[in-house]
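> Since chain A is already given, all that's left is putting chain B on it; use the hints.
These protein sequence lines map, in sequence, to chains A and B. The opening position of the first sequence corresponds to residue 1 in the UniProt record's numbering, with each subsequent residue numbered one higher. The opening position of the second sequence corresponds to residue 1 in the UniProt record's numbering, with each subsequent residue numbered one higher.
Think of the hints as simulated: they come from the structure by calculation, not from any bench. Quick caveat: nothing in here was measured; it's all calculated off a predicted structure. Even for Gly, the Cβ is constructed at its ideal location relative to N, Cα and C. Hints may be right or wrong, so weigh each one.
Per label pair, the in silico range of CB-to-CB distance [stated by the list, open to error]:
| hint | chain 1 | residue 1 | chain 2 | residue 2 | range |
| --- | --- | --- | --- | --- | --- |
| 1 | A | Pro169 | B | Glu56 | 36 to 42 Å |
| 2 | A | Pro219 | B | Asp291 | 30 to 36 Å |
| 3 | A | Thr33 | B | Ala53 | 54 to 60 Å |
| 4 | A | Pro111 | B | Ala344 | 44 to 50 Å |
Straight line, CA to CA, 30 Å or less: simulated DSS-like cross-link-like pairs of lysine-lysine [said to hold, decoys possible]:
| hint | chain 1 | residue 1 | chain 2 | residue 2 |
| --- | --- | --- | --- | --- |
| 5 | A | Lys326 | B | Lys154 |
| 6 | B | Lys2 | A | Lys2 |
| 7 | A | Lys109 | A | Lys147 |
| 8 | A | Lys2 | B | Lys326 |
There are 2 protein chains.
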Amino acid sequence: MKIGILGAGQLGRMLALAGYPLDFDFVFLDPATEACAAPLGEHIHADYQDERALAEFCVAVDIATYEFENVPAKTAEFVAGRIPLLPAPVALTVGQDRLSEKQLFDKLKIPVPRYMPVATREALELAVKNVGLPAVLKTRRLGYDGKGQAVLRKPEDLDAAWGRLGGQPLILEAFVPFQRELSCLAVRGKGGEMRFYPVVENVHRDGILRVAIPQASDPLQAEAEDYARRVVEHLGYVGVLAFEFFVADGRLLANEIAPRVHNSGHWSIEGAVCSQFENHLRAIAGLPLGDTGLRGHSAMVNFIGDAPANEALAAIPGVHIHHYGKTPKPQRKVGHATVTAASAEELAQRVAIVSQLADSVGD
Amino acid sequence: MKIGILGAGQLGRMLALAGYPLDFDFVFLDPATEACAAPLGEHIHADYQDERALAEFCVAVDIATYEFENVPAKTAEFVAGRIPLLPAPVALTVGQDRLSEKQLFDKLKIPVPRYMPVATREALELAVKNVGLPAVLKTRRLGYDGKGQAVLRKPEDLDAAWGRLGGQPLILEAFVPFQRELSCLAVRGKGGEMRFYPVVENVHRDGILRVAIPQASDPLQAEAEDYARRVVEHLGYVGVLAFEFFVADGRLLANEIAPRVHNSGHWSIEGAVCSQFENHLRAIAGLPLGDTGLRGHSAMVNFIGDAPANEALAAIPGVHIHHYGKTPKPQRKVGHATVTAASAEELAQRVAIVSQLADSVGD
Chain A
1 MKIGILGAGQ LGRMLALAGY PLDFDFVFLD PATEACAAPL GEHIHADYQD
51 ERALAEFCVA VDIATYEFEN VPAKTAEFVA GRIPLLPAPV ALTVGQDRLS
101 EKQLFDKLKI PVPRYMPVAT REALELAVKN VGLPAVLKTR RLGYDGKGQA
151 VLRKPEDLDA AWGRLGGQPL ILEAFVPFQR ELSCLAVRGK GGEMRFYPVV
201 ENVHRDGILR VAIPQASDPL QAEAEDYARR VVEHLGYVGV LAFEFFVADG
251 RLLANEIAPR VHNSGHWSIE GAVCSQFENH LRAIAGLPLG DTGLRGHSAM
301 VNFIGDAPAN EALAAIPGVH IHHYGKTPKP QRKVGHATVT AASAEELAQR
351 VAIVSQLADS VGD
Chain B
1 MKIGILGAGQ LGRMLALAGY PLDFDFVFLD PATEACAAPL GEHIHADYQD
51 ERALAEFCVA VDIATYEFEN VPAKTAEFVA GRIPLLPAPV ALTVGQDRLS
101 EKQLFDKLKI PVPRYMPVAT REALELAVKN VGLPAVLKTR RLGYDGKGQA
151 VLRKPEDLDA AWGRLGGQPL ILEAFVPFQR ELSCLAVRGK GGEMRFYPVV
201 ENVHRDGILR VAIPQASDPL QAEAEDYARR VVEHLGYVGV LAFEFFVADG
251 RLLANEIAPR VHNSGHWSIE GAVCSQFENH LRAIAGLPLG DTGLRGHSAM
301 VNFIGDAPAN EALAAIPGVH IHHYGKTPKP QRKVGHATVT AASAEELAQR
351 VAIVSQLADS VGD
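Excised from the complex, chain A in its bound form (with noise of 0.2 Å):
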């Protein structure tokens, strides 16, 4: 079977490596000539929008699917005209914008932060009213690793605040005081399956994912799917969707959901039964589902900006070392460890040793 991916940065490339063993082949559209999944597949070279190139990707592969949110409607549209697109295009139109997200949270009566959708000068005035400070105004789309955001903590900061997003549509979210940070990893079968993973715990720092770690027996994992649940059947959603969600006073609330493999599910490669990269292409091309099982203690550190050296990593037991084949550069994306280790202790010193080691050469 050969799989189309829009897009080849590092979650394509993982795909990829993932897909080979199960016999797929794989054909990446992607317009950045540095695209780090082509060494592992054929590369269509073009923008999301050249029909042409589109046409060609859809003949070329029997499915296709998707690494990335921001997949243009008319993009996804062409491709699911022509061949099945999973996970549909629907989840990309819901995920696109933060305020559609927030709004299918509350159908489905998963709690949420207070939000307001926030279009003029006036109607931020009135959303810090009714939302409270501090809060975050955020852009409805294209924000991602907490870029289009600005953190609202007294009256004065709307303006500067304002001269920096404002004229796209807005949206204020009401600032969490959380206690932890939340993913769940969801994927869904064809014929309807569902598995979980573990639900992970999640380090950000400037914005970005730095450390990720599945938690063996959360207290909130019951209620992490039930909410999970809740989407994917609403969506008629096929493949690994991402839930992240703030832990506040004992309790979730959703943050926002990605609808693809996800940073926070990294790990899963040494340390589940079936990494998410291969329950994804089971789910999209209709086998049966792997186990999403632990196995052992595992967490995963981030290389942000630039990656440490090889050597320095080898030899740190029960590292696993995963670089993407992309130039370095700050706050880039470049690489991440999967730390194994016997137990939580363990895990907690070398996750420590890796994190010192990915700070002293990344930002």
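Here is chain B on its own, set in the frame of chain A:
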């Protein structure tokens, strides 16, 4: 780092899958049109004797290795004269000739079955007198998976065996009434660092490996490591070497070595902390070696001739599918499954199920 691999079969394919996460890129040289590693790197499609292609190969890569032991000596010399070729060609020279291999074992005081070189029909008579019957007549070169062998049980078998194999350098080996077949995978780094995987119990049928099960604490582990250590140290070997043994009367008898990653180590992708493929790459790239320890219970089942359908395999918990992207053909290794389980009993059950599936479609 760009790594060149002589050969682009399934071993090259699995080396590349293990190598991309370490930031390595791959160039393969292989005369086959259907070279199954080709989609995972650049493929120089040429004969091993083609010096122009070999020169191109040497310019394209930083270091080189090989994935099969029958690399022509002149090819190895050509490459080793231009770039680092690891393991060093001496390992090829020794391993390509069953007689020199046996003589090396003798020299290193590693027990071997009785043997005698056979050049003529008369020499065969003499060898049978010395070695005894039953015995196995083998070509000294180019034998694999039971090819180029004839079992002699009674004096009348000599004519047929000579008729089939005579006219090329042969060796007669005593038939060992073994209780088990074991292999030991050793890896040695550039600085002499050495690691050994747990010994593997191998089950062959029709001369082809069918099932390989790593042994958590085999009483012969230390003896196997001792013998493997003698060989890799004597050869100044860098990379993974496989050493196959017979177990007779509770002791090891050397069968043969393979200067490369080996079919009996495929379980290590999921069953060891660091796979044989990653450790081979770490060794030749000069990185610290990875942990060869087990991750729970695992075993490998080969797919010979054809592979069961993904739908059936993916439905069995703990089964990891590895297709090689090869066209089905009698006796051809087209894939394998690593079976993982929580206990030895569960492992045995799952191996039985997968073996039955494999037998139902393969040969």
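> What hints, given by number in increasing order, does this structure fail?
Numbers 1, 3 and 5, in rising order.
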